[in-house]
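Trainee: Below, each chain spelled out in residue letters.
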Amino acid sequence: MNNIFKSQTGIIVAGAIIGVIAALLQYYGNPANMGFCIACFERDIAGAIGLHDAKVVQYVRPEIIGILFGALIISMIKGEFKSRGGSSVIVRFFLGMFAMIGALVFLGCPWRAFIRLAGGDLNAITGIIGLIVGIGIGSYFIKRGYSLARSYPQAKTVGLILPIFMLGLFMLLLFDFSKLSLSTKGPGAMHAPIYMSIVGGLIVGWLAQRSRFCTMGSIRDIIIVRSYHLAFGVLAFTLSVFVLNLFLGQFNLGFEGQPIAHNLHIWNFLGMLLAGLAFSLAGGCPGRQLILSGEGDSDAAVFILGMLMGAGVSHNFGMASSPKGIGEYGAWGIAIGIVFCLVIAYTMIQKRRTS
Amino acid sequence: MSDIVIDTSGLSCPQPVVMVLEEIEKGTEKFEIILDNECSCENVSRLVEKYGFEKETTQKDTLNIFKITKKRK
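Top to bottom, those sequences are chains A and B.
With this note's numbering, letter number 160 in the first sequence gets 164, and the count goes up by one each step, no holes.
With this note's numbering, letter number 5 in the second sequence gets 94, and the count goes up by one each step, no holes.
Honestly, I wouldn't trust all of these hints.
[What the hints assert, rightly or not] Here are the computed lysine-lysine pairs in the DSS-like style, where the Cα-Cα straight-line distance is at most 30 angstroms:
id, chain 1, residue 1, chain 2, residue 2
1, A, Lys82, B, Lys139
2, B, Lys115, A, Lys147
3, B, Lys115, A, Lys82
4, A, Lys189, A, Lys86
5, B, Lys139, A, Lys59
6, A, Lys147, B, Lys119
Treat the hints as calculated values from the structure; they're not laboratory data.
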């Protein structure tokens, strides 16, 4: 117990600091309005290990490894690290995959949606509305009894598999990147110095683990239990990115010419709708899934692997958007993803038993 | 009506809260909740506080399983 970050003030402080780090990482080299985009950064990692061949978005993002380990270390210190898993694993894998497909049509995870908004990118608004609608649909099913069923305790090593895999990638980046595909131009080539990224990630992982910061959860909790607790954190996050952007000259209001974004509103809406639906069915936004993976939740780790797979198929099958517009098969990806989510949501409604 | 036990072990974030909320909405005034992770404990604590319940926290064995009992104030 004794967790100062679980309070109202705690989540606001955590959200604000995460926002500061996001804006600073942008200032020191990360792509514009992408201080921390879990989906984009996992997509870059997928590219770096050759799961897709989009030359401009390939990099082993230390932020991802930092967040994972920040959560891992603090949860071990606080005795909250618990290896667990076995709850509808393949469903989580595919939810992760379709969440990524949706996020890459919009061009960002929920964290980035708020970062884009804080950078003045008004296209984020339709994305966030889509996110809310998607989470609303997911929440409807959760209220009706949708469940991925219980997870069970596992050996400690199981919870360490994803962190060690990610650590291995980080070691490759540091000591031998000859086999990694790393962008030489485009967003993948834009990054803050490695030490800043990893330290920033560690701090974010620590804060998000303590405060349970979750963008999807903030919206879901409002819908399901009228709790605004997490929403204060997201609000603080968005405001702090906004204020820092103003100071650092990173604010640029408008719809046109926004960095790594497009202004096809219907697709921004639908992309985030799919992502929001998948996140709510899986129980967390990509950031939260990383934190859970760091706490030993191997089901969340599988969701992350699903996202890597999603990044691969998104780019390989022409579903990912680019600033020029949506991919040739982006609409198909969204349609199939929404059908998948609805079928899963409907068929996985369980009758609850209270004994 | 005092033997109602909601076992949320192994279930993650929104579900324990939804299950407790359902029980509250049924009008149940006294029940037990078994929780196995910190995050759900915090969420459920906030929920029951909001609905004016009192809770007693007990810890059962080392597996960090909490039993929380509630009474109407």
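Trainee: Against each hint, give a clear statement of whether it holds in the structure.
Mentor: Hints and how they fare:
Our distance criterion of 30 angstroms between C-alpha atoms is met by Lys82 of chain A and Lys139 of chain B, whose separation comes to about 27 angstroms. Restraint check for Lys115 of chain B and Lys147 of chain A: the C-alpha separation of about 14 angstroms stays at or below 30 angstroms, so the hint holds. Of the pairs offered as hints, the one joining Lys115 of chain B and Lys82 of chain A is violated, with about 36 angstroms between alpha carbons and a cut-off of 30 angstroms exceeded. Proximity of Lys189 of chain A to Lys86 of chain A is assessed by CA-CA distance (about 40 angstroms); at most 30 angstroms being required, the pair is judged violated.
The suggested pairing of Lys139 of chain B with Lys59 of chain A is violated, with an alpha-carbon distance near 51 angstroms, which exceeds 30 angstroms. Restraint check for Lys147 of chain A and Lys119 of chain B: the C-alpha separation of about 22 angstroms stays at or below 30 angstroms, so the hint holds.
Hint violations for this structure: numbers 3, 4, 5, all remaining hints satisfied.
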